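Asks: The sequence shown begins at 673 in the working numbering and counts up one residue at a time.
Among the hints, erroneous ones may be present.
Claimed, not checked - Simulated restraints on C-beta separations: (1) Trp885 to Leu945: 38 to 44 Å; (2) Ala887 to Arg739: 36 to 42 Å; (3) Arg746 to Ala795: 43 to 49 Å; (4) Arg736 to Phe954: 23 to 29 Å; (5) Thr803 to Arg743: 36 to 42 Å; (6) Ala887 to Phe944: 32 to 38 Å; (7) Leu896 to Leu955: 45 to 51 Å; (8) Ala887 to Ala962: 32 to 38 Å; (9) Arg805 to Gly946: 24 to 30 Å; (10) Leu836 to Leu945: 36 to 42 Å; (11) Arg746 to Pro792: 29 to 35 Å; (12) Ala900 to Ala795: 36 to 42 Å; (13) Leu943 to Leu882: 36 to 42 Å; (14) Val891 to Ala694: 43 to 49 Å.
Derived from the structure by calculation, the hints contain no laboratory data. Just so it is clear, the structure is predicted and the values come from calculations on it, not from any experiment. Where a beta carbon is used, it is the ideal one built from N, C-alpha and C, also for glycine.
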Amino acid sequence: MSGPVGGGGEARMSRAHWWMLAGLTFAWGFNWTAIKVALEDFTPWIFRSLCLSFGALLLFAIARLSRQSLRVPRGMWGRLWLLGFFNVTCWNMLIAYGLMMIPSGRAAILAFTMPVWSVPLSAWMLGEPITRRKLVALALGVAGMLLLLGEEVASLGRAPLGALLALTAALTWAIGTVLQKRLPTGLPTGAFTAWTMLLGGVPVFVGTALFEWGAWRPVGPAALGALAYNVVIAFAFAYWAWFRIAAAVPVAVSSISVLLVPIVGVVCGMLFLGEKPSVAEFLALLLVVAAVLAINLRRGGAPPQPTT
673 MSGPVGGGGE ARMSRAHWWM LAGLTFAWGF NWTAIKVALE DFTPWIFRSL CLSFGALLLF
733 AIARLSRQSL RVPRGMWGRL WLLGFFNVTC WNMLIAYGLM MIPSGRAAIL AFTMPVWSVP
793 LSAWMLGEPI TRRKLVALAL GVAGMLLLLG EEVASLGRAP LGALLALTAA LTWAIGTVLQ
853 KRLPTGLPTG AFTAWTMLLG GVPVFVGTAL FEWGAWRPVG PAALGALAYN VVIAFAFAYW
913 AWFRIAAAVP VAVSSISVLL VPIVGVVCGM LFLGEKPSVA EFLALLLVVA AVLAINLRRG
973 GAPPQPTT
């Protein structure tokens with residue numbers, strides 16, 4: 673769990689980053705189903721408070737056991753608060769409420785329109801060039817997302833607030849991703865993830881105390897399992913993996929690469945929540961895979977070489 677977060681990045685992902693992306697894709701992809709199950713028994717504020725508090729504690733414990741420094745450099749607290757607000761607070765609460773209004777697979781698709789925002793933001797704030805390769809990859813990825821939405825666009829119109837919340841979550845995630853590179857903290861990834869999760873969780877903890885402290889209710893085993901999955905896999909592991917990838921490569925590469933996540937989210941929604949499959953899902957998968965390959969493969973199709 674080492675390596676500083678923020679700053680510049682390589683042009684392509686290394687082999688280690690590809691393995692992280694694979695784990696991240698399945699971790700976050702299945703999590704859309706897990707959240708839907710958890711919110712049947714938990715209220716949004718309480719559920720997110722539990723995820724963030726236990727997830728942060730787990731990350732702090734792992735960092736301590738691995739003898740990683742948790743000391744925040746002088747002058748970096750403001751940056752951590754800001755990064756936690758966009759990457760953790762806004763994202764988690766907007767998605768939690770959005771999932772209560774629209775299907776999990778469709779919420780995942782809308783949330784992962786993030787590259788539409790992050791690519792121009794990275795050009796504006798970081799000076800990252802918008803190359804033809806990036807535009808092609810972005811077009812393929814967005815086409816895949818639109819194909820997945822398909823006829824659901826009309827149904828989203830019947831729940832416009834849910835769709836708006838998911839799209840706003842995508843925007844805040846894009847801002848957080850760009851700011852992570854614009855405002856490096858110098859912290860190792862494990863410590864950075866732990867502090868970001870804890871500080872980003874503070875507004876959620878306050879909101880829980882103000883709005884839902886008396887809303888505790890009986891929780892079934894399925895919801896408890898979904899909570900455990902969120903804490904260990906979706907928060908502790910997946911956030912760490914995402915911050916490692918986002919710090920190592922340009923914003924366009926990281927944001928387009930995670931477009932595989934909603935594909936897994938849609939498939940899990942079909943398998944576990946009874947959402948109906950269609951040919952569009954398979955065509956969208958091909959488009960998204962093409963987008964990920966287009967942004968990552970070097971000219972001539974050579975795979976990225978491993979780095980240490």
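Asks: Could you run down the list of hints and mark each one as holding or not?
Replies: Status of each hint after checking the structure:
Distance hint check for Trp885 and Leu945: the Cβ-Cβ separation is about 30 Å, which falls outside the suggested range of 38 to 44 Å. For Ala887 and Arg739, the Cβ-Cβ distance of about 40 Å falls inside the hinted range of 36 to 42 Å, so the restraint holds. Arg746 and Ala795 have their C-beta atoms about 31 Å apart, which leaves the hinted 43 to 49 Å range violated. For Arg736 and Phe954, the hinted distance range of 23 to 29 Å is not satisfied, since their beta carbons lie about 45 Å from each other.
Judged by the Cβ atoms, the range 36 to 42 Å given for Thr803 and Arg743 holds: they are separated by roughly 39 Å. Between Ala887 and Phe944, the C-beta spacing of about 26 Å breaks the proposed range 32 to 38 Å. A beta carbon spacing of about 37 Å between Leu896 and Leu955 contradicts the range 45 to 51 Å that was offered as a hint. Checked against the hint of 32 to 38 Å, the C-beta distance between Ala887 and Ala962 comes to roughly 45 Å, which is inconsistent with it.
At about 39 Å, the beta-carbon gap between Arg805 and Gly946 misses the expected band of 24 to 30 Å. At about 22 Å, the CB distance of Leu836 to Leu945 disagrees with the hint of 36 to 42 Å. Between Arg746 and Pro792 the beta carbons are some 33 Å apart, a value that agrees with the proposed interval 29 to 35 Å. Distance hint for Ala900 and Ala795: a CB-CB separation of about 40 Å, consistent with the stated range 36 to 42 Å.
A beta carbon spacing of about 37 Å between Leu943 and Leu882 agrees with the range 36 to 42 Å that was offered as a hint. The hint said 43 to 49 Å for the Cβ distance between Val891 and Ala694, and at roughly 31 Å that hint is violated.
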